[in-house]
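*Asks:* In case you want the letters, here they are:
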Amino acid sequence: KAGVTQTPRYLIKTRGQQVTLSCSPISGHRSVSWYQQTPGQGLQFLFEYFSETQRNKGNFPGRFSGRQFSNSRSEMNVSTLELGDSALYLCASSFRGGRLLYNEQFFGPGTRLTVL
Amino acid sequence: KNEVEQSPQNLTAQEGEFITINCSYSVGISALHWLQQHPGGGIVSLFMLSSGKKKHGRLIATINIQEKHSSLHITASHPRDSAVYICAVRWAAKDTDKLIFGTGTRLQVFP
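Protein chains in written order, with the numbering used here: chain A, 1 to 116; chain B, 117 to 227.
In isolation and in its complexed conformation, chain B is listed as follows (with noise of 0.2 Å):
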């Protein structure tokens, strides 16, 4: 079993459609990580949480520590939205920072 499970895999949707995307981890953490991937693979940091909710423009991530999940929320959804979307959970201590993925949701927006 991965330590980091997202779903679904894929993700077809239309425009202005409220998209949720879920991540479920069995570590302890000290943070988690949503990403964004576009297709060329450059990577955008679209949040970093650790406890609550955060929202930035269009995008909601919360987390509960307890049930150990996430989810990532697009609300109002866009073609431009159209990406890979990787949540991966982070393990930092005074040693060490270390970061493990989940495998990605691609995400498909339709005009």
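One chain only, chain A, in its complex shape (with noise of 0.2 Å):
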């Protein structure tokens, strides 16, 4: 089975852009969730989708947002970028479903965003 594949690895953007980054989970899992792990703040939850429907927001700005296709295949767009905002955005995802409320998280290579 496949595991969970994001693109691009890695990405060089400017202040004030916009960037978009995918996640394909293993297939039949519909639960993906993403992160972000900077130096100083380490990893963070932003938010996850379930289903196509975003389940749960972490502690992000409106600049921040994601989608979920009916593959379960989500994207995360970060608008108007800023210095802070380099980091590695990482995203996993989890079978979710039946009597199981939740089961482990397989997460991705991750994407390695730099904002100049």
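Hints were generated in silico from the structure; no laboratory data involved.
One or more of the hints may lead you astray.
[What the hints assert, rightly or not] DSSO-like cross-link-like pairs, simulated, lysine-lysine; straight-line CA separation at most 27 Å: (1) B:Lys184 with B:Lys171; (2) B:Lys171 with B:Lys214; (3) B:Lys184 with A:Lys57; (4) B:Lys214 with A:Lys57.
Assembly of the complex is requested from the two constituent chains, each provided in isolation within its own frame, with the hints serving as guidance.
*Replies:* Written as structure tokens, this is what we have:
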């Protein structure tokens, strides 16, 4: 079974631009969560999508948004980039359904975003 | 105060040593994860546990729900165990699934 894939792996943008990152979950997984990792703040939860609906959102400004498609693939968008948005963005997928509320999360390799 | 505290922040060991990393949390949880992150960023989930103890090879994870504490043990450590180990607590309910992370423990194992 293929793992979680993220594209692109590396990205360089300038302040004020916007960026879209993509995450393809493991086949059969319907939950996708996004995380931001920076040296100063560590790993922080951005949001979770399940069945095309945002289920939970972390404490990030509205410039950070996302969506999920019917095939469970997810995208996150950051508008009006700031220098502080430079980070590793990770997504993780898990199976959610039936009697299980949650299951193990499998992480993608991440997209390293540099904002100049 | 962070909701998830890890100790130590940095750890060095000689190959073969027994290693313990601790995680304390202050919130109610559905489960606790131990994650491993190698240089370059890739994260691997080592354990997800909600009670008791789990073992996988040389790795052992324990959790005490009443004391809100978990430990990750590595027996017979090896240089390839060098990585950052991250504890994350999970709150999952019908409409939400969220992880809160500790700051990580950087482990270096020397031959």
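*Asks:* It remains to establish, for every hint, whether it holds in the given structure.
*Replies:* For each hint, the structure was consulted:
Among the hinted pairs, lysine 184 of chain B with lysine 171 of chain B is consistent with the structure: their alpha-carbon atoms are about 20 Å apart, no more than 27 Å. Distance check on the hinted pair: lysine 171 of chain B and lysine 214 of chain B sit about 25 Å apart at the alpha-carbon level, within 27 Å; holds. Simply put, lysine 184 of chain B and lysine 57 of chain A have alpha-carbon atoms about 25 Å apart, close enough for the 27 Å limit, and the pair holds. Among the hinted pairs, lysine 214 of chain B with lysine 57 of chain A is consistent with the structure: their alpha-carbon atoms are about 9 Å apart, no more than 27 Å.
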